[in-house]
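The chain contents come next:
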Amino acid sequence: MSSEVARGRILFSTLVALVLTILPLPPAGEYIRPSFLVLTVLYWSVAAPRTAGVGLGWFAGLLLDVFQGPVLGQHALVLALVSFITALEHQRIRSKPMFQQSLIVLFVLAFYNGVVLAIDGWTGHPLPNPLLWIQCATGALIWAPAATLLAQGRRV
Amino acid sequence: MAAFGTGGSRSQVRGPSLGFRFTLYAILSIVVMFLDQRHGWLEQARYLLQAGAYPLQVAVNSPSTAWNWLSESFQSRDALRAENARLHKEQHELELRSMRYDALARENGELRGLKEALPPVADRWLAAEIVTDSHRQRILINRGTTNGVFRAQVVMDDKGVIGQTVHVGPWSAEVILITNQEHAIPVTIERTGLRTIAVGAGDESNPNLLGLPYLPGNADVKVGDQLVTSGLGGVFPAGYPVGRVIEVHRDAVQPLAQVRATPYADVDKDREVMLVWFREDHPAAPAAATTTDLKVGNKSLQPQPTPPPRPKATAPAAQPETPATPAPATNTTAPHPANSSAGARKPTSPSGTVNPPPAPSSNRGTGSAPASAEAAPATKEPAPVEAPKNPTTEPPADAPRNP
Chain A
723 MSSEVARGRI
733 LFSTLVALVL
743 TILPLPPAGE
753 YIRPSFLVLT
763 VLYWSVAAPR
773 TAGVGLGWFA
783 GLLLDVFQGP
793 VLGQHALVLA
803 LVSFITALEH
813 QRIRSKPMFQ
823 QSLIVLFVLA
833 FYNGVVLAID
843 GWTGHPLPNP
853 LLWIQCATGA
863 LIWAPAATLL
873 AQGRRV
Chain B
18 MAAFGTGGSR
28 SQVRGPSLGF
38 RFTLYAILSI
48 VVMFLDQRHG
58 WLEQARYLLQ
68 AGAYPLQVAV
78 NSPSTAWNWL
88 SESFQSRDAL
98 RAENARLHKE
108 QHELELRSMR
118 YDALARENGE
128 LRGLKEALPP
138 VADRWLAAEI
148 VTDSHRQRIL
158 INRGTTNGVF
168 RAQVVMDDKG
178 VIGQTVHVGP
188 WSAEVILITN
198 QEHAIPVTIE
208 RTGLRTIAVG
218 AGDESNPNLL
228 GLPYLPGNAD
238 VKVGDQLVTS
248 GLGGVFPAGY
258 PVGRVIEVHR
268 DAVQPLAQVR
278 ATPYADVDKD
288 REVMLVWFRE
298 DHPAAPAAAT
308 TTDLKVGNKS
318 LQPQPTPPPR
328 PKATAPAAQP
338 ETPATPAPAT
348 NTTAPHPANS
358 SAGARKPTSP
368 SGTVNPPPAP
378 SSNRGTGSAP
388 ASAEAAPATK
398 EPAPVEAPKN
408 PTTEPPADAP
418 RNP
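If you read the protein sequences in the order shown, they are chains A and B. Position one of the first sequence corresponds to residue 723 (the numbering used here), numbered consecutively onward. Position one of the second sequence corresponds to residue 18 (the numbering used here), numbered consecutively onward.
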């Protein structure tokens with residue numbers, strides 16, 4: 723697979739994930755909806771750490787900031803951090819069975835949320851509803867199908 | 018793993034390179050955050066980003082827009098007719114009311130000894146549609162700088178104040194709602210004339226509430242009191258309806274009363290809002306033309322112990338070549354101390370609105386302290402240009418404005 727094609731696929735899936743993330747939903751849906759963009763970035767930094775990696779995380783995070791964040795650069799920093807960690811450990815994560823991967827994803831999403839909240843508090847913005855932690859669980863649940871779907875895209 | 022294809026043949030990620038890239042990006046984002054948060058230096062970048070983001074936002078929102086359009090266009094004839102009748106009736110009512118208003122305005126002008134009634138403070142209106150409704154108590158509207166929208170512009174609906182613009186792009190603008198925890202609006206209790214600040218309550222069960230966290234326990238406020246804008250703070254003009262008090266809780270232990278109000282505006286139901294331009298030389302106009310003047314004022318205020326209420330005579334001096342010009346804008350923009358302690362308020366302890374924050378006591382006597390330069394323009398600060406009131410003493414804030 724040429725890296726050009728892979729890059730196009732990565733960008734496309736990231737765009738789709740962004741649309742899914744900012745799609746307006748009723749409040750209940752907002753809390754349940756997993757952060758598709760973070761999941762996609764996680765997947766690509768595990769699957770293609772050299773092509774995607776930190777840069778993809780940073781730009782995806784910046785997009786999140788533009789659409790949702792009160793501070794520019796907040797999600798960019800945290801998503802870059804998360805994708806850095808997962809790209810470092812991509813071999814280890816890859817070799818795990820799907821269930822353990824989901825657990826890792828749960829942990830990573832919780833870490834992500836925690837750092838975002840810390841920056842919220844540090845910059846003096848109100849903390850979002852604590853129900854947003856549900857996102858971590860739904861994200862971990864959806865990891866297996868999402869990873870399979872993204873892998874299908876890779877095989878084509 | 019199947020999910021990752023045949024990744025085994027891939028070469029190892031080069032550790033130092035990855036770490037180096039991450040360090041670069043981390044530094045970059047911290048710099049961006051700092052600039053965005055502290056100085057508002059990224060307005061230009063924000064403008065471009067907002068321009069780029071707008072098409073996607075419209076596209077993402079198009080399904081619901083399409084659904085609304087469809088359901089509207091397939092409304093039955095009867096429903097349309099009923100609505101038409103209702104609107105006719107409403108229009109008649111409003112016309113009658115506005116007739117009365119004209120008479121009152123004329124009478125008011127006579128009482129004030131003016132030759133003719135003042136024009137209304139609202140100069141121009143522009144309807145805008147809400148594009149997206151975010152859960153963070155901010156909305157995006159479909160008007161931007163190409164329509165003349167500016168930053169910190171007042172946004173209303175037909176019932177009352179909704180909020181003000183925070184970031185303005187070429188075709189869109191982000192509006193922070195008055196029910197946002199980070200927003201504060203200076204209000205007057207209509208019945209008593211008591212001035213205070215209404216901030217977003219930030220309730221999790223009902224986010225569309227206002228709190229009045231700076232009222233002392235013995236303040237004269239009761240359920241049903243009307244809140245109108247007080248005209249202080251430089252953004253909202255005086256006399257526009259904001260909300261109604263729905264809950265007053267006095268606790269003997271707490272020095273401050275806990276007061277909740279519900280906004281008149283249908284903050285959560287609106288699909289269309291109004292952007293308003295105000296006459297700057299009108300007595301009811303907001304005090305400051307905008308934030309840049311405040312900035313300048315702050316710089317000059319910095320070393321001075323007392324707030325100099327700038328007399329009108331200084332305005333022509335600023336423009337020596339046209340001494341006859343009354344320079345209305347600068348007249349009204351004398352930096353008044355109401356803005357002075359805006360920076361002193363702790364923005365956002367999440368519990369700040371539930372338990373009265375200690376801000377009032379720390380603000381005591383800061384009437385003459387200059388505002389920090391960021392407080393006025395950085396609308397992410399909770400009270401963009403508004404100051405929390407000292408709850409126990411009559412604030413000196415209004416003295417220069419209403420001599």
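The hints are simulated quantities; they were obtained by calculation from the structure and are not laboratory data. Source: prediction; values computed, not measured. Just so you know, even glycine gets a beta-carbon here, dropped at the ideal spot from N, CA and C. Check before you lean on any hint, since a few could be wrong.
Unchecked claim - Listed next, with one range per pair, are the computed distances between beta-carbon atoms:
no.	chain 1	residue 1	chain 2	residue 2	range
1	A	Val738	B	Ser90	29 to 35 Å
2	B	Pro272	A	Gly751	56 to 62 Å
3	B	Met291	A	Leu853	52 to 58 Å
4	B	Ala102	A	Ala750	46 to 52 Å
5	A	Thr870	B	Gln108	54 to 60 Å
6	A	Gly751	B	Glu127	54 to 60 Å
7	B	Ser93	A	Val738	35 to 41 Å
8	A	Gly751	B	Leu113	31 to 37 Å
9	B	Ala269	A	Ile856	38 to 44 Å
10	B	Arg117	A	Pro852	45 to 51 Å
As the list claims (entries may be wrong) - Now the stretches of chain A that chain B is said to cover, found in silico as 3 or more residues with beta-carbon under 8 Å:
no.	segment
11	741-750
12	826-839
Structure-based check of each hint:
1. Between Val738(A) and Ser90(B) the Cβ separation comes to about 30 Å, which falls inside the hinted range of 29 to 35 Å.
2. Look at Pro272(B) against Gly751(A): about 41 Å separates their beta carbons, and that is not inside 56 to 62 Å.
3. Distance hint check for Met291(B) and Leu853(A): the Cβ-Cβ separation is about 33 Å, which falls outside the suggested range of 52 to 58 Å.
4. Hint check: Ala102(B) to Ala750(A), Cβ distance near 37 Å, so the stated range 46 to 52 Å is violated.
5. A C-beta distance of roughly 59 Å is found between Thr870(A) and Gln108(B), which places it inside the suggested range of 54 to 60 Å.
6. Evaluation of the 54 to 60 Å hint for Gly751(A) and Glu127(B) yields a pass: the beta carbon distance comes to about 57 Å.
7. In this structure, Ser93(B) and Val738(A) meet the distance hint of 35 to 41 Å, their C-beta atoms being roughly 38 Å apart.
8. Between Gly751(A) and Leu113(B) the beta carbon distance is about 44 Å. The supplied range of 31 to 37 Å is therefore violated.
9. Here the CB-CB span from Ala269(B) to Ile856(A) is close to 39 Å, well matched to the stated 38 to 44 Å.
10. As the Cβ distance of Arg117(B) to Pro852(A) is approximately 50 Å, the hint placing it in 45 to 51 Å holds.
11. Requiring three or more residues with a Cβ within less than 8 Å of a Cβ of chain B, the coverage given for the segment 741-750 of chain A holds, as 5 such residues are present.
12. Counting residues of the segment 826-839 of chain A whose beta carbon lies closer than 8 Å to any beta carbon of chain B gives 0, which falls below the threshold of three, so the coverage claim is violated.
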